[in-house]
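Each chain is listed here by its residues.
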Amino acid sequence: MNLKKLNIENKKVRDFIPQALTVLALLSVIIYFATNAQINMGNRGISFGFGFLNQEASFDITFSMIEYDGSYSYGRAFLVGLLNTILVSVIGIFFATIIGVIVGVSRLSDNYLIAKVAEWYVEIFRNIPLILQIFFWYFAALRALPLPENGISFNDISFLTIKGWYVPKFIWTNFNIFLLSVIAAFIAIYFISSYATKQREQFGRQLPTTTISLATLIILPLLTFLFLGVSLNFEYPVLKQLSSTVYTYEGGVSIIPELIALALALSMYTATFIAENVRAGILGVSKGQKEAAASIGLNKNQILKLVVMPQALRIIIPPTTNQYLNLTKNSSLAAAIAYPDIVLVFAGTALMQTGRAIEIISITMLTYLTLSISISIFMNWYNKKMAIKEK
Amino acid sequence: MIKSIKTWILVGFASLLLVACGQGGGGAGSKKSKTLDNTKKAGFVKCGVSQGLPGFSNADASGNWSGIDVDVCRAVAAAVLGDADKVKYTPLSAKERFTALTSGEIDVLARNTTWTLSRDADIGLTFVGVNFYDGQGFMVRKNSGINSVNDFKNGISACTNTGTTTELNMRDFFNSKNISYEPIAFEKADEVVQAYDAGRCDTYTTDKSGLAAQRTKMSNPDEHKVLPETISKEPLGPVVRQGDSVWEDIVRWSLNTMIEAEEYGVNSSNASSLKDSENPAIKRLVGSEGELGAAFGLDNEWSLRIIEQVGNYGESYKKHIADTGILPNRGPNQLWTKGGILYVPPAR
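Residue numbers (my numbering), protein chains in the order written: chain P, 1189 to 1579; chain V, 885 to 1232.
Certain hints may be false.
[Said to hold, decoys possible] 30 Å max Cα-Cα, derived DSBU-like pairs, lysine-lysine:
no., chain 1, residue 1, chain 2, residue 2
1, P, Lys-1517, V, Lys-1072
2, P, Lys-1428, V, Lys-1061
3, V, Lys-1061, V, Lys-1026
4, V, Lys-970, V, Lys-1117
5, P, Lys-1428, V, Lys-1203
6, V, Lys-1037, P, Lys-1357
7, V, Lys-970, V, Lys-1026
[Said to hold, decoys possible] Here are some, though not all, of the chain P residues that point toward chain V, as calculated from beta-carbon distances under 7 Å:
no., residue
8, Ser-1246
9, Asp-1248
10, Arg-1331
11, Thr-1436
12, Gly-1543
[Said to hold, decoys possible] Below, a sample of chain V positions facing chain P; criterion: calculated Cβ distance under 8 Å:
no., residue
13, Ala-984
14, Asp-1006
15, Asn-1027
16, Lys-1037
17, Gly-1047
18, Phe-1057
19, Glu-1071
20, Gln-1078
21, Arg-1084
Keep in mind that the hints were calculated from the coordinates and are not lab data.
This one's a predicted model, so the numbers in the text were calculated from it and none came from an experiment.
Glycine is no exception: its CB is placed at the ideal position from the N, C-alpha and C atoms.
With the rest of the complex left out, here is chain P (with noise of 0.2 Å):
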C-alpha cells in the first residue's frame, strides 16, 4: 500500500470520499429499515417468506383472461390480476393514443368549432382527477344503463346492460392455421414494403404499396376459409330469468361495466396529455419544412406522412411515454370501482387473506417497475428508430 498516496491533498482521495460516504449512508438506511423490519416481525411472531404463493387462495375474481377460481394458488390470482392490468392498460394506451392524436390534430384545425370543440375537451378532462372521472364513468354514467331485461340490444346480437356489455363469443376452428397465415400476411407485407422502397430509390417507381399490403392482408386468412377448413361461428347472449325480477344473459362474452368504466375514464384523461404533446410536436416542424416540401410537389398528404410527421414524431414520442407510463400506473386506480387488477385482487384481497404485507406490497411495486421498465425500453427503442439518422 501507498501511504503517500493516501492523502487528503490527493485529488483522487477527495473525489472518492464524499461518493463513499454517499453509498455508506444510503446502505445504512436500508439496512437500519431491513434489520428494524425484521426485528419487529420477530417479536410479533410474524414469519417472513414466499411459500404462501403457493396455497389456495380460496377467493373468486370476477373476470380472469385465463383459467381460474378459488381452488388455484395465489400465484395465479396474482397473475390474473397482472393480465387485467395490462389488459385495461393496452386498451387505454391504445384509446389514448387514437383520441390523443385526432384532437391534437383537431385543435390546429382552420374550422373554428372543431378547433374549439377540441379545445375544451383538453381543458375540461385533463383538469378533473382521474378518481372523480372513473367515479363519474362507473356510478353516473354506467348507472343510467338499462337493466338486462330492458338492454340496449344492437340488432339482437349484442347487449348493453348495467351488469355489462354482452358481445357474441367466437367459436373457431383450426384457430392455429388462421393465425399462422395472418403471420405469414405480415411477413409478406414486410417484403413486399422493403421491395417497394427499392424501387423507388434506385428507379424512382412509386408502388401502391397501401393497397397490395391491405390486400394480402385481407385474402391470404380468407383463402384458409376456403380452402384449409378455417371456420368461425358465434355464440350470442341470450337472455335468462333467475327470478320474478333477476334477470342475465347467457352464452356469449360479457365484458364487465367495470373494465368499460376505467378504459373510458383512463382512455379519456390520458389522451388530453397526448393532444397537446402531438399538437406541440406539429408546431416544432418549422413552417419552411412544410413550403419546401411543396415546392417540390408532393402533394398534401405526402408532405404530413414524409415531412412532417417523421420531424414531429421525434418531439412527440418522448413525452407520450410519460403519457403511457403515467396511465399504467393509473389504472391501480382500479380497486375504487371493483375492477380486479393486481391491486385489488394481490395487494387487496390476498394481502389481506394472508396478511404478508411486506411480501405482497414487494412483488407488486416489482411488477409495476417491471411493467413501467418493459414499456420504456419499448417506446426508446422506437425513439431510436425515429430519431434523425446522420448519414
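Got chain P sorted already, so can you dock chain V onto it with the hints?
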C-alpha cells in the same frame, strides 16, 4: 489504494451493523407491559375502528364515535386511564386493520373483525374474546321473488367487500350449492351499497348485522330484505398484538367485565351503591373485595369505572343496536342464562 478503500468500507459496514442492531434491540419484549406503559404515558388508548358501521363504530356529525365496538375501547380507557373518553380513534379499512395493529399504529382493534384460526395463529394477532356473534347473510330486492338462498340460480351476481371472510364464505356457499356466480368485490362498503342499489348486482352479502346497518343507507330501504338463512359463523371481537400478555389480559377482562356485570345485574346507575352487596361476585366486580386489578398492574376500582362510565354489555347493546333499530332482537347475543350464548369466565 483499492485495498485500503475496501477496508474502509468493511469497517464502515461493521460499525453501521452494530448501530442498527443496537437500535433494534430495544424493541425486544420485557416482562412489564410496554403497551400499558406507553398508553399511560400518552394519556389515551389507541383504538382502531371501522370507517363507519352504524351500531358498531360510527362517528356523528361532530366526530364523536359510538357503538358496541367503540365501547370496548372506552372500557379499556376507563380501566387503564380512569376516563372512558381518553381514546384516540383511527378509522381503518378491512385491508389496513391488521397492519395498523401489528405495526403499533393502534393498540386495540375493535372493528367487527371475525375470529378465525389463520388470523389468530398466522399473522401476529391475538383475539381476546367475542363481543358480537354474527353470521353471513344475503340481501335482495323485495320484488325479486327470491325468498330463500335456494332460489339462487346460475349466473347470479353478488356484491361484497374485499379483504373479508365474506369473500371466502361466499365462494364456499355457492360451491356447495353448485351455483355459478359473479363475485364483485369493492374496497369500501359505501361503494358496495351504491353498486347494489344501482342494480349492478342481484344480491349483497356480508355479516347480517352489517346488512341491517347498511340497509338504512339505501335510497329506499323498504325495497330490500335480508334472507332468513345464515351461511357462516362470524364471531366478531376485539384484537390485540401478539406478545404483550398483560395488555391482552386487560382488554379481555375489560370486555368480560361488561358481560359479567350484566349477568349480575350491575349497571352504570347502581354500581357504586352495590359496594356492600351480599354477593361476593358483585363485590369483586365493583372492587370492594379481592385484589384483582393488581394482576394487570391496575388499581382495584378498574372494573367499577368500566361499569360506571361505559355500562354493562346489555346497556351498550340496547343503546347502540336495539334502540337504533338495527337488530332489536338480541338472538345469540343474549346472556347464557337467558337463552343466548354469551358466557364469560368468572372474574375471581
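Structure-based check of each hint:
The straight-line distance between the Cα atoms of Lys-1517 of chain P and Lys-1072 of chain V is roughly 21 Å, inside the 30 Å bound, and the hint therefore holds. A distance of roughly 19 Å separates the Cα atoms of Lys-1428 of chain P and Lys-1061 of chain V; the hinted pair therefore holds under the 30 Å criterion. Proximity of Lys-1061 of chain V to Lys-1026 of chain V is assessed by CA-CA distance (about 22 Å); at most 30 Å being required, the pair is judged to hold. Taken as a hint, the Lys-970 of chain V and Lys-1117 of chain V pair is broken in the structure, with Cα atoms around 33 Å apart against an allowance of 30 Å.
Pair hint Lys-1428 of chain P plus Lys-1203 of chain V does not hold up; C-alpha atoms about 46 Å apart against a cutoff of 30 Å. For a cut-off of 30 Å, the pair hint linking Lys-1037 of chain V to Lys-1357 of chain P stands: about 22 Å separates their Cα positions. With a C-alpha separation of about 44 Å, the suggested pair Lys-970 of chain V and Lys-1026 of chain V falls outside the 30 Å cut-off, and the hint is violated. The beta carbon of Ser-1246 of chain P comes within 5 Å of a beta carbon in chain V, closer than 7 Å, and the hint placing it at the interface holds.
A hinted interface residue such as Asp-1248 of chain P counts as satisfied when its beta carbon comes closer than 7 Å to some beta carbon of chain V; here the least separation is about 5 Å, so the hint holds. Here the hint on Arg-1331 of chain P is kept, as its CB sits about 5 Å from the closest CB of chain V, short of 7 Å. Among the interface hints, the one on Thr-1436 of chain P holds; its C-beta lies about 4 Å from the nearest C-beta in chain V, closer than the 7 Å criterion. Hint on Gly-1543 of chain P holds. Least Cβ distance to chain V is approximately 3 Å, under the 7 Å limit.
Given hint, Ala-984 of chain V at the interface with chain P, is violated; its Cβ is 10 Å from that chain's nearest Cβ, farther than 8 Å. With a least beta-carbon distance of about 6 Å to chain P, the hint placing Asp-1006 of chain V at the interface is held under the 8 Å criterion. Annotation: Asn-1027 of chain V was flagged as interfacial toward chain P, and the flag holds, the nearest CB pair being 5 Å apart, inside 8 Å. A least Cβ separation of about 5 Å between Lys-1037 of chain V and chain P falls short of the 8 Å threshold, and the interface hint therefore holds.
Look at Gly-1047 of chain V: its Cβ gets to within about 3 Å of chain P, closer than 8 Å, so that hint holds up. At about 11 Å, the closest approach between the beta carbon of Phe-1057 of chain V and any beta carbon in chain P exceeds 8 Å, and the interface hint on this residue is violated. A distance limit of 8 Å between C-beta atoms decides the matter here; for Glu-1071 of chain V the minimum to chain P is near 5 Å, and the interface restraint holds. Look at Gln-1078 of chain V: its Cβ gets to within about 6 Å of chain P, closer than 8 Å, so that hint holds up.
Taken as an interface hint, Arg-1084 of chain V checks out: its beta carbon lies about 6 Å from the nearest beta carbon of chain P, inside 8 Å.
Of the numbered hints stated above, those contradicted by the structure are hints 4, 5, 7, 13 and 18, listed in ascending order.
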